[in-house]
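Line by line, the protein sequences are chains A, B and C.
The opening residue of the first sequence carries number 41 in this note's numbering; numbering runs sequentially from there.
The opening residue of the second sequence carries number 7 in this note's numbering; numbering runs sequentially from there.
The opening residue of the third sequence carries number 851 in this note's numbering; numbering runs sequentially from there.
These are calculated hints, taken from the structure and not from any lab test.
Here the structure is a predicted model, which means the values were calculated and not measured.
One or more of the hints may lead you astray.
Footprint (simulated), chain A over chain C, 3 or more residues, beta carbon under 8 Å [what the hints assert, rightly or not]:
| hint | region |
| --- | --- |
| 1 | 1198-1211 |
| 2 | 1219-1228 |
| 3 | 1240-1248 |
| 4 | 1267-1275 |
If we take Cβ atoms under 10 Å as the criterion, some of the chain C residues that face chain B in the derived model are [what the hints assert, rightly or not]:
| hint | residue |
| --- | --- |
| 5 | Tyr975 |
| 6 | Gly978 |
| 7 | Asn1002 |
| 8 | Tyr1005 |
| 9 | His1026 |
| 10 | Val1149 |
The beta carbon of each residue, even a glycine, is placed where N, CA and C say it ideally should be.
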Amino acid sequence: MTATEPGTASAAEPAPNPNDVPITVNGRPVIARKGELVIAAAQRIGEYIPRFCYHERMQSVGMCRMCLVDVDTGRGPALQVSCMITVAPGMVVNTHSLAAERAQEGVIEMLLANHPLDCPVCDKGGECPLQDQSFTHGPGESRYIEEKRHFEKPIPISDLVLLDRERCILCDRCTRFADQVAGDALISFSSRGNNTQITTFPDEPFASYFSGNTVQICPVGALTSKPYRFKARPWDLEQTESTCTTCAVGCRMVIQSSHDELVRYSGVDSDPVNWGWLCDRGRFNYESVNSGDRLAAPLVRDGEELKPASWNAALARAAELISAAKAAGGPASIAVLGGARGTNEDAYAWARLAHDVIGTPNVYPQMGDGVQINVLGFERATIDETASATTVIVIGPDLKEELPVLFLRLRDAVLNRGTRVIELVQKRGGLTPLAWRSIEYHAGGTAQAVAGLAADGDIVAQLAKGNVVIVAGRANLAEHPREGGNGVLAALELVPGAKVLPAFRRGNVVGAIEMGLIPGEGGMQALQIAEAAAAGRIECLILLGCDPLNDFPDTDLARRMMAGAPRIIAVDTFITKSSGAADVVFAAAAYGEKSGTTTNIEGRVTTVAERVTPHGTSRPDWMIAVELADVLGGDLGFGSVDELTDAIAANVAGFGAATADAVRRATDGVLCRGALPPATPRALTVEERNSYDYRLVVGRKLYDNAQGTAKSPALAHLAPGAAVHLHPLDIERVGSSDGADVKVTSKRASLVLKVVADETVVRGSAWVPFNQPGPNIGELIDATQAVTDLRVESF
Amino acid sequence: MMGRLNEANVVLAKEIIGRYPKPRSATIPLLHLAQQQDGYVTDAAMKHIGELVGATSAEVLGTATFYEMFKFEPVGKYLINICGTMSCALLGADQLMHHAEQRLGIKAGSTTPDGMFTLEHAECQAACTEAPCLQVNYRYRYRVTPSDLDALIDDLSSGRLDGEVPPHGTVARVRQHIPSERAVGAVPPDAVSGPPAWVPAPAEAKP
Amino acid sequence: MNGATYPHAPGFVAGDRPRIVTGRFEYDDAHTLQRFLATGGYQGLQAALSRAPTEVHDEVKNATVLGRGGAGFPAGVKWGLTPQGVWPRYLVVNGDESEPGTYKDRLLMELDPHQLIEGCLIACYAAGLSQCFFYIRGEMALAQERVATALNDAYAAGYVGKNILGSEFSVDIVLHWGAGAYVVGEETALIESLEGNRGMPRLKPPYFPAAIGLYGQPTIVNNVETLANLPWLMLNGAAAYTAIGTPTSPGTRMVAVSGHVKRPGVYEIVNGTTTFRDLLYGDDFCGGIRDDNALKAFVPGGGSAPWFLPEQLDLPFENKLVSAEGSMLGSGAVMVMDETTDIPAAALTLARFYAHESCGKCTPCREGGTWLERIMQRIVEGYGTPRDLDQLLEIGQTICPGQFPHASSDRLGLTAVPFPYRMTTICFVGPSAYVPVHSALTLFPDEFEAKITRRNLIPVSVGASDDSH
Ligand SMILES: Cc1cc2nc3c(=O)[nH]c(=O)nc-3n(C[C@H](O)[C@H](O)[C@H](O)COP(=O)(O)O)c2cc1C
Ligand code: SF4
Ligand code: FES
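Extracted from the complex, chain A is given alone in its bound form (with noise of 0.2 Å):
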């Protein structure tokens, strides 16, 4: 805030900031930005100029002409709508001048006069910008006796949005929303003049990642959520600030309840990560929170069945099988595997829990579906950095399936910042159309095609003109992780300076490394962790939420690591492929029933919090080690979750700030980082390939069967399906067709899988979405090889 109160200036003052220009509203002296928009400028002195197609996030249209207001710029007071004029030297604005307040009145009566008034039955009533502004800025009564305009209402524009046309006062917030922002412009407005409505092209529905942000924007109800819709009343939620676990971005965001049942979530402005914006899927997969598969107690293995017990008697079973393990086998003869889905306080237990009292080096956070853990001790950049650097080469996933509210921050980089993107990328995907240079390459060779922008004068040029930020993540679930690490490596060297934003993608899976899921001296990784216990090395497996048959790339190496280990004992939400063949399965709190701490990609901690009571008797997981550790004779010595977020802030290298009321009063988190070492280069043999092979490159995408998605009704029909994408040119060369069927085989096994002629796809590579309905594509994948070569032919 910088406005000063009159009289406040002192003679001693610095020199005037040259951004700084004086002006004055209501009658109050401000000192506003240079560049400023006068509807801003005043609301930060708590002067709310009402409006409805303004937003500060998205360009000022000066649409609704509800922002007028009285400015003067020394030719004697004028009505300007202040959404679109800028802060001038010595400005006067009355915001509730006879003139101001007269043509407030008036276009909120003309708003009105098509308006239905349906707010008895209207999922807005209660939190409605038009409702509201209508009490405080309109004439009180409506002189509109002529018929009002009629549209069929409401109509479906997507699988997760509703469109009520005669509610909608053409904002053009939703448009340009889609427009500007997400760049998916498959909303518009048709028609024209008073016949104007938004609507979608026929057959080509509003299918946007980030549908549900419309709906959030929309100042009245005519757009509405297909999950929320008649689900609640805004004055019956309940609502508390929490962020996002579904990806590794971190979106702030209120989560809210009705009658002890997750209704909504909802996007919060945190100026340093997500600018209010949210993605479907972290929108709406509230849904599966409320499943009714979840886990209600715990299970435990009684011959074939798995069957309810008690805590205790989980808890003793689970201490059992641990004794057990530890007498046949030594402490080192459990694995500890997953914990990037719970709270950083979740994580620290269970690593306290793993290294401390069963005395085990062989944690590990991730299913061989991540990136290198070491990549987040290269010099790290925040998403503000990464946002306004003057370039970032990306290596890796597709951004926009996989930390999607990233892609928007990098969308408005490159269009608003002059930012250039060089991406490095073995199938073309949502940022290319974005990029700079799009360089292709096939899986296996990240580092050569790093090392190869050097030959490129334009590139070299562009990347000696300012920073540049790196962002890494797993390009290819068929490839091997270190691939990620080794193409940071190869950056660096070309741009020594340059700082790293890893491309983690599960929700707190940086938190889970810092606090500790990771090897202790000697400890393995999931791979070689996956190769013991099929080797009938592993004498008990813990899985952290986490479900190796479905995640891990590799599944016939995941299938033998089940039948390998002679005891499971499973922490989980739902009963899973993998949790279901667990001896012991305790019932998880999910997202929303636990409150604590969580970690982005940047190392951002901020709080989520418990809004509804946990299904049945579920327990948070940290609570669960606690208490097992209990029952094996540890005493971790944490009563509450406070007490954990403390503990780890006095005993997490790099988290000393990251105190739970620190976090709590930190409105955008307290940044903290860790001490891992960076990773070291370590070259991978790539074997030569037939040339009728096709590369395999296994992606993700923003829908799939995650339990969060596959909960979800709102969500799970999305995944799109397993199917083989190849370049169209090798689809003749293979002599298929469009959606035919054709079979694969890889060294491992062969799949019968539909073909999609995909001209992102990399001239021979073969593309195939992860784990997806249908076939599965774990089966043709050897995680102990560096590449998967396939050879596609048709029926």
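Assemble chains B and C with the ligands onto chain A, guided by the hints.
This is chains B and C with the ligands only, laid out in the frame that chain A set:
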């Protein structure tokens, strides 16, 4: 596919697109081309135009529906637009419209069952001194009396005006063609950094 | 009555007056390159090319060529508003003529297209504009054909395109055409439309086309008639130009007179000195009101202009004087209503026009325009109420707060409220829907009173008699 621009029109479309610094500028000309091809603008055409100019179908639809001339379902071979704005209204536009409705047996805004005529109420046609006026497929008729209108409808029905009035969809029958050896060529704005050749540099230095 | 008419120039009436832009209208082949060249064509261009661009620009400035699209802004000054050092810059020719009553640009495009091409080239040369887009209204088939033919011929003959007349001057003129939307005549909407979008105006500032126009680049938008003046100006010089008319309104302008006059038509009149009386009653012009009826009112400058009464007949075509009297000269269109005119009905046609043509962006225009139209419709049909009259004014207040311009009238005891008005909308379409309503209501209140039913004020029980008890 029905409604997509045919091969010859795609060639023409590409020529038109090539004249603009940004392809999207060709949207309206291409919509006219589609309407010329099919008599109205089909969904498939809008989709195709979007592909050609780099816009989504929804954006093309948004643009197309803004403009009066684009029709999204079949209209008559002859579109008769009777002007009803002030100058024409002062000189009997209402009576003329009334007569047209009687004569064609349809209301303004509809098409005769034989698909020959669509009658529409139009706004000012920039022929105000020649009121009341009308356009048939955008060809003017001035100071139209009811009997003039009858004669026009007779002439159109009998094909006597085939040479003069092309079927609905064709507006101008002459197109611009820029010979390549004479063309300066369209350049995207961000590819231009300095003044054009004929502008002497000092002219800019002057405040 | 005198003044020649030509069958190939529907509506145009020549007279014994200076003809700067209609000089070739008597030739029925004026649109051909051959005739054009035989009558001094492209010599203005040659004259321009023999001088430095800045000198050409200065000549236009010195001549004070006023914009003919409606706002009357001097072209030479406008060309100078482009920000320094920003390239490329474009010229967009506004041939979207659709303002009610206006008919002149179409004639210029149909009858003398080469003159316009020449005008465009001179403007591009002077202001360093590297590409020109000639935007013609969609419904004007013949104008599009004539301009297309002229461009094809001019390209072939070396007048347009690369190295024009062997010089370094190279410019493409691209014929572009609209598809029916009045608001696209507004220059920022024109640019949106030319970019392939819905023709919705952009707010000025920041979108003054001269600074941020087509593709965000500096763009000069000029009306067809404005550009048509340039060839003559180049050949005859600013002094000859300003010798016609008055210092503030030099040269000539084209005016279309329509409605209840004996000889409706398009006239090229001397700017600044010709009066409305000359135009409506002069033998050389319209020759009086039809059937020698009395004049009731007239619209002096296109449908957007507040109305005048017979009391304003002696005003000349001079912007300042006309504004002081509460209206504007706009696009050179006079619509005449004689004593038989049903004023509310006439006003309704204009209100309907602007309501129909609203782009839909600004709430007061989108909703208010239609609301005005609906109320006017009811009044005209005899279903209006006294409250409706107040409501019309209230809607007007939302679109145009404060005092609204109108003419003075001794008969009504009105003193003029000068033009312009304040507005809550982006462009003039919204206010223009209110203009005719306000003019009609202010200048002819009794015609509204006469149409208003008092039905609502009559007690429902009036038919029942007491003795039924
Ligand atoms: C609603 C509206 C419609 C307009 N229509 C036209 C038009 O049809 N033709 C035109 O030349 N100018 C029109 N104008 C004026 C243009 O915005 C612009 O001022 C003009 O083209 C500039 O050219 P000039 O300076 O040569 O007059 C219109 C303005 C408004 C607000
Ligand atoms: S005043 Fe009307 S036509 Fe003009 S921009 Fe606003 S809504 Fe569109
Ligand atoms: S908020 Fe400014 S015009 Fe809508």
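Structure-based check of all given hints:
{"no.": "1", "hint": "1198-1211", "in the structure": "holds (count 7)"}
{"no.": "2", "hint": "1219-1228", "in the structure": "holds (count 5)"}
{"no.": "3", "hint": "1240-1248", "in the structure": "holds (count 4)"}
{"no.": "4", "hint": "1267-1275", "in the structure": "holds (count 3)"}
{"no.": "5", "hint": "Tyr975", "in the structure": "7 Å, holds"}
{"no.": "6", "hint": "Gly978", "in the structure": "4 Å, holds"}
{"no.": "7", "hint": "Asn1002", "in the structure": "6 Å, holds"}
{"no.": "8", "hint": "Tyr1005", "in the structure": "5 Å, holds"}
{"no.": "9", "hint": "His1026", "in the structure": "7 Å, holds"}
{"no.": "10", "hint": "Val1149", "in the structure": "8 Å, holds"}
Comparing the model with each earlier hint shows no violations; every hint is respected.
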